[in-house]
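Asks: Please put together the full structure from these sequences, using the hints given.
Protein chains in written order, with our numbering: chain A, 1 to 551; chain B, 1001 to 1163.
Simulated from the structure, these hints should not be mistaken for lab results. The structure displayed is predicted, hence computed values, not measured ones. Quick reminder that beta carbons are idealized off the backbone N, C-alpha and C, glycines included.
Covered by chain A, according to a simulated footprint, are these stretches of chain B (three or more residues, beta-carbon under 8 Å):
1) 1073-1085
2) 1104-1116
3) 1142-1155
Interface residues of chain A toward chain B, partial, derived using beta-carbon atoms under 8 Å:
4) 14
5) 35
6) 121
7) 156
8) 157
9) 158
10) 161
11) 279
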Amino acid sequence: MYRYDEFDAELVNDRAEQFRRQTARRIAGELTEEQFRPLRLMNGLYLQLHAYMLRINVPYGVMSSRQLRKLAQIARDYDKGYGHWTTRQNLQLNWIQLQETPDILKELASVEMHCIQSSGNCIRNTTADEYAGVAADEIEDPRVYAELIRQWSTLHPEFSFLPRKFKIALTGSPNDRAAVKVHDIGLIMHRNDAGKPGFEVIVGGGLGRTPFVGKTIRKFIETRELLSYLEAILRVYNRLGRRDNKYKARIKILVHETGTEEFTRMVEEEYTRLAGGALEVPQEEIDRIDAYFAPPDYRALPAASETLREKRAENPAFDAWVEQNTHAHKQPGYIIANITVKTPGRAPGDMSSDQMEAVADLSDTFSFGELRVTHRQNLTLTDVEQDRLFELWERLVELDLATANHALIGDIIACPGLDYCALANARSIPVAQEIATRFEDIKRQKDVGPLELNISGCINACGHHHVGNIGILGVDRAGEELYQLQLGGCSREDAALADITGRGFAADKITDAVETVIDTYLELRNDGETFLDTYRRVGMDPFKQKLYDAA
Amino acid sequence: MTLLRRGEVIEDAFASAVGEESLPADGAVIVDLAQWQAQRDALLSRGAPVGVWLRPDDDPRALADDLSKLAVVALEFPAFTDGRAYSNARILREQLSYQGELRAVGDVLLEQLHFMDRVGFDVFEVRSEDAVQAWKTASADIDVWYQPTGDGRKTALQRRWGR
Ligand code: HEM
Ligand code: SF4
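Replies: If you want it as structure tokens, here you go:
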């Protein structure tokens, strides 16, 4: 993975020291809370219901076991001994003291980590396909470009006070696992006719109170020109994005109000001024970064492991886990293993310091000391030898991290909701827990098949409910917590926003409603259809009838 | 208000006529874009330096042909959170090759001086008691920059490759 050189390291250290001074000025009363707010936000520090919340970047979701151990230690020393993996491929700590944050930033800097721009109206941590570099279906490794974007966007002098936050996601595979179409900018890699890699540029996607699927404004930009093109988009947005109303300030509104065609024209005009300029990335720099992402020392192995086949035949629980939680690797004899952090009865994405340390050990033993955080709040070990998968699974079982529910209904995305978040209308975590418990039987989950269920505690949509195949949104109706149900959303390459079923359900009825939806689907589905396939074929009506007519 | 040119406090030689009906009889003056466009010839014939004050939604390209005649361009930050002037500054410096004084006015927060410095501002209107010390702290805050801007400072990439 990428390693900081002296310049990267100096910047992160400078920044930690700068924040120490700013925090001291705040504590001494020299800065008002209003003046301090954007400074702390740009260092990932939010003021929440009960305490400060700190959001730690895991750039494009890639981290080493050493970094994970540091996160575990920070969670133990400065928080309550656990952390929360988020849809932004970050770690969130919910019980932080302001005076201790400079020390935390210093500890993070010692393992090449930081919280720079994990909140605030700036370019946020760039997210990427969690299988980057190892997926069999990939064109090229997108991490090189994610790292280039990380550097370009870090403390950008022009773009640190944008109209609103700005999120970029990218993927090197045509199968989008990074939800790029619901980001401010989404990048999908393609090859042009000459075989050169480049990116399709999608702008103006987003969730929140006004959700949009992004629009393609350019089919192909060469990789070395990527930063110039991004700078052109950001400049147009920074100058013209609305600042009169924070609910209309995201780039999606600018694209929508200006029209995609006119917006594209403005970006292209600015791009012609920047093209081939100082932001053009020299090939030697691309090669330098690429070298950090060189494949690890894989052993020469047969494509399919005999040991794995035998163990699967002997052990049905293991077999179920392999079927559900692993993914094809591009290297023969290796496999990608997903650790779903979705143990029934626990908050999605929550992990204790002890578990983090244990998983760090597993990544050292089984996966070259590297891990990924996924936007579905899980962890991934990318480079496991098939021969040793059983051994890994046994260790995961001991840690209570071997639930075989990856990409099934139990693998729920949920935002922190009313349990932690100051903006929430309703709880999300208990709803997620109840649904996961109702569908605890893995055989039943498998029978239901691939299904993304996403929950947000309010309209801000941190839990991606608009793009869940089933989405649940907490709303407040005259002081009562209600849950709106949405169907048919999708965050993939064929992204779509979900439709609302109708009036909301009370907290004690929402799990029943989800079950009704599932039962209806099971009755209606044709052979081989996923929930989404069926929904796309039959539409909302049959579900609506079942949900509301009986009542 | 204190006017700071990089590390030093300077006198403001300019009077502001923004929003005034008539221009002062003599002396250096700053006007807004509408005033400049309406009274361009009169302003130039006064024989004193002229500056133009741009609001964040003014297009700096409107001054493209006049920049060599202007002594100051002042870009307004109506609130420290309004970052449009950062882009306008770079357009003036890097695309329109403006060489004169580029002044940051309005809600100019010390914590932002290093960003402003990098996009091409050289004079800052600040409220601080001890602006010189504040400048020293702010400009020493960050030594490594990834982004090439018109200030010519070497980026991390250039330093990496010894350029
Ligand atoms: C707990 C405190 C949190 C607060 C106060 C908060 C606040 C917000 C707000 C206000 C928005 C709407 C922004 C807009 O539409 O302009 C939003 C969107 C979003 N947030 Fe959060 N959030 C929190 C936690 C999280 C967590 C834990 C995640 C996962 C990392 C997250 C990820 C997102 C995502 C994915 C969106 C929607 C996508 C988009 O930007 O359009 N947020 N958040
Ligand atoms: S969706 Fe709403 S409740 Fe959930 S974390 Fe975001 S702001 Fe908070």
